[in-house]
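S.K.: Chain by chain, the residues:
There are 2 protein chains.
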Amino acid sequence: MSDKLIDRRDLHFLLFEMFEVERLLEHEYYEDHSTTTFKLALDTAYQLAQELFWPSFSEFDKNPAYFDGEKTIVPESMHKIWAAFKEGGWFAASFAYEHGGQQFPGMVHLAALYMFNAGNTAASMYLGQATGAAQLIEGFGSESLKKVYMHKLFAGDWAGTMALTEPQAGTSLGDITTSATPVEGEDYYIIRGTKRFISSGDHDLTENIIHPTLAKIDGAPPGVKGISLFIVPKYRVNDDGSIGAPNDVITAGIERKLGLKGQATAELKFGENDECRGWLLGEPHCGLKYMFQLMNSARVHTGLQAIAQASTAYQCALQYAKERVQGREVTEHDPATPQIPIINHPEVRRMLLRQKAFIEGVVSLLIYCGALSDRLRVAGSKEEEDTCRALLEILTPVCKAYGSDVAYESIMLALQCYGGAGYIEEYPIAQILRDNRVFPIYEGTNEIQAMDLLGRKVAVDQGAYLRALMGEIAKTLAEAGTMDALGGQTGKVQEAMEAITEVTMHLAAIGLSGDHKTYISHATPYLRAFSQLVIAWQFLWQSVVAQRALDSDAGDATFYEGKIATAKYYIDAILPSTHTICHLIKSGEDSALNFKEEWFGATHPSVTA
Amino acid sequence: MSDKLIDRRDLHFLLFEMFEVERLLEHEYYEDHSTTTFKLALDTAYQLAQELFWPSFSEFDKNPAYFDGEKTIVPESMHKIWAAFKEGGWFAASFAYEHGGQQFPGMVHLAALYMFNAGNTAASMYLGQATGAAQLIEGFGSESLKKVYMHKLFAGDWAGTMALTEPQAGTSLGDITTSATPVEGEDYYIIRGTKRFISSGDHDLTENIIHPTLAKIDGAPPGVKGISLFIVPKYRVNDDGSIGAPNDVITAGIERKLGLKGQATAELKFGENDECRGWLLGEPHCGLKYMFQLMNSARVHTGLQAIAQASTAYQCALQYAKERVQGREVTEHDPATPQIPIINHPEVRRMLLRQKAFIEGVVSLLIYCGALSDRLRVAGSKEEEDTCRALLEILTPVCKAYGSDVAYESIMLALQCYGGAGYIEEYPIAQILRDNRVFPIYEGTNEIQAMDLLGRKVAVDQGAYLRALMGEIAKTLAEAGTMDALGGQTGKVQEAMEAITEVTMHLAAIGLSGDHKTYISHATPYLRAFSQLVIAWQFLWQSVVAQRALDSDAGDATFYEGKIATAKYYIDAILPSTHTICHLIKSGEDSALNFKEEWFGATHPSVTA
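Sequence order for the protein chains is L and V.
Numbered by this note's numbering, the letters in the first sequence go through residues 1 to 609 in order.
Numbered by this note's numbering, the letters in the second sequence go through residues 1 to 609 in order.
Don't take each hint at face value.
Given that identical chains are not distinguished, each listed pair holds provided it fits within a single copy or across any two copies.
In the DSS-like style, the derived pairs of lysine-lysine whose C-alpha atoms are separated by at most 30 Å in a straight line are [as the list claims (entries may be wrong)]: (1) 147 with 269; (2) 147 with 80; (3) 382 with 596; (4) 322 with 225.
Please keep in mind that the hints were generated in silico from the structure rather than gathered at the bench.
Chain L on its own, in the form it takes in the complex:
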């Protein structure tokens, strides 16, 4: 185990030097804050992560959440974490004072979540989902719903979930069959249906659990246009706000998963006895639109969760590589000399550098997204608002898909640094690997993210989001272009930008020709190439800030030199495959699309496990 979870110096660099969180203090909304309150919050978060989250990490695996036939039991230490969260007011930290929040900037809050997730993601999920449910009600709920639920959720008295997936409708939400039947003269609907893979779906942490639930009102249009969003509590709430009768939400079971075992991923049956009441949130048939608002931030968080674990794995591997002695320099032929720490072997060093680059690149993008949502809140013009929103929209699938893909690759490398020791559960890496494998899947698989990027975000408004992004990249290129020391990298990012622009136009022509299937069949490689440009841009931007610090002799040269070297590695060694991918797409490589089903080989009739 490492006693270090993240590189706090790097996080400080992002928040204070690159994205200049202090500039938010000029705005009324943030005026009560100061550098001190930000740093205090970050210190407190890190202390919680180190002293509460990380020590419970292994217990969450050894004592999985389980359903005993009556109730769901979560790991003992989760109760302590929940209590600490309540005490610290973390549930509403980034929300407005009027909701009991502390009006922390989104990027500070993201940084705190990054630490919590680096310590124990399964635990962080219980916490995040309470906030998420409250956020939905805040955004779209009636006054009476707000009155009943928001304060309880923000206070951590009650917990929340997101109840979307059904056994027959995972990715295809339009095919959900959970129904909502209006009841004459009442303000509620009767909900009937089964939801699956519901994170934090049941537990013994709080006296009530609030399920924002997608369902279709009887007679609703088919498909996504008929989906409504309901608030379905586990226990009904009396008029005085106290807990009432059970609401016919039955836990059918807790999944036995590859990882995140402390997380109670539940199958829930609503209305088995026709007694499950749900309260409509907002307008009928607009449920998916509301849910997507939450889902977009959930997707950014998924990237955050994934890369936070990669950070912990990297810190563990780094420490191991400095301590574990094995072998000698390739130039040392005397076996009587002592063995050396494995960090000295070029292969190990390459694996560590690759991890560092993935982590610092993705975290930079994530904090940037936090900064964008802060700018959105205090934007001075419609134009700035539009730009921030466009950037957030187009970067969300990158955060989620590229973030989780390279986080897993990074953890693979961390495990590999351990050699045989990586394969045994004595060290934390094996569990991190297991825990992490869900992120390319949940909140929409990475393939769905790729289709979201190419099929929706890139295409919106004749490429408006893309133009907004390219505009930002061009700014960084212009700035970097004035610095001789960054000459090589600037040119390479410029070339990658041109390659992406060109391949996007190539694909747009296919799309405009009406061949949507060919167009969308390039989604995954496109996302990879696109993401590498985005991360390379973040690194170039980081380099500009670091080079400026070096030029001004601000001290801490080791950090800034290491930063520029990391950026150079990403741009020199990882970015180039962008051109390979773009070339492939332009060459019309369409093997998969045209691969006949019978070529995959015959399968026998179904036998399921």
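We have chain L already, so just place chain V on it with the hints.
M.R.: Frame of chain L; chain V shown alone:
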């Protein structure tokens, strides 16, 4: 669960159409065999894989091997598998009649092992290691050692291991400290030391376990030149061959691992009471040389184990993709139409095709290595022998490292095809993923394989092994060059061959200049680029055979067309990154090598789990 583990049609293609196993029948050693005996053996193996190995797969995970303080208990079904293996004479199947073997060609034996491993790798390991120990004794043992051990091992009465690794000496075998002290007037040595990560290290399957053990005779030279190989039985053997007293080999524990839980991976203490006797195998200080003979075939087998599991995962994912309905064609906008099987989505199809390409490419290479060892056995000239040996030497790290790397990637994709269902232990994919993660580590990490390829195999005898390989590739290129239908692919393989030749010469110049550290720092990217050429060559060769079958109207056009389409995908879509990697190496990309240790970020003093 799939009721299909491997594509038997493809295996048939490799054995009978591409590598023409029947041509071996011309040789005296194989003359008792026939197509019928080969097919019978393969049918029997598949039946065992399906009816015995695969049904126990999940039990191996649910009931891990454990040490109860006195003995090690393995999963119940392993006893049945062992008995079936004994009954079928599988332990010695590929060995000579004189050892009770059946003189099966290596490639048929490999094909059978492929099936067993597709069914249950942890089980196959117990079996393979008995054979391995016997093979060592056959190769290097004295007549008396042969007499005592070989028959028992080949009959499956006793089991075997490979006892190399020690806690302080994993990769760096020269640093082992297990000692061997001669005893005046006796034929044995007293062995003292601790061995770790010993697969099948202890169990209750057989009355004895034979540990080929690396140790240093007192006063031996330091490093690898002082390593000897000993036969250390768990129980001593009486003169009449019966089991004698315990040999002071103590099981310190069974590892709790990420996967392969049915495998008893043991820590063993030899000679805690100074009573552990070991018998020297061959000459003193030659132990590593002997062990490497076994290790080379063990490395090919590691690639086989890895890709066999990938095959099972692919077959499961393929079946799931044909049965699971979700969503609609991208061109279908009516939500009232029924959902379609997910195999129709381009993203799923791409993931399936990628798996298929990895599997068929690597299996082809593995069976080719089997064919090479068969040719070696019956070679008519020293020249042919040298060629076969050179090819085997240079292809071994490709089998092991590329094989296990892409097997894991393939299983990742299989899991991704399942979506959320992939993350729960209800389906077999999660276990396959866990089981499979060891193969990039054991039998020498993939980084060690890369160093073996670039630092040793490529450099031997001024590139003699490499020239042998390029000669074979050139033959295939010449043949493919006569077929118009394969024009595009032939050119691409040719270009990749030129790129590898060029980058090898570039690196050779660095090596010759004496900068060994820079030279070897490119090992891992070089192995990847090199391997892709090798696999692309195998695919081009497959295409030649398939195209010929199509041209001759031999029937089964679906299979041959699918084969050529798969090959085309690999060559068009996967091979091109070879050029990106070669370009990077030639550009002198050396970020990792020159990345300063302090740039990785400070770590705190050690805290281990």
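S.K.: Please go over all the hints and tell whether each is borne out by the structure.
M.R.: Hints versus structure:
1. When the C-alpha separation of residue 147 and residue 269 is checked against a cutoff of 30 Å, the pair qualifies only within one copy, where the shortest distance is 27 Å, while the shortest distance between copies is 67 Å.
2. With identical chains, the CA atoms of residue 147 and residue 80 are at most 30 Å apart within one copy only, with a shortest distance of 28 Å there and 65 Å across copies.
3. Proximity of residue 382 to residue 596 under the C-alpha cut-off of 30 Å is found in neither arrangement, the shortest distances being 50 Å within a copy and 47 Å between copies.
4. When the C-alpha separation of residue 322 and residue 225 is checked against a cutoff of 30 Å, the pair qualifies only between copies, where the shortest distance is 28 Å, while the shortest distance within a copy is 56 Å.
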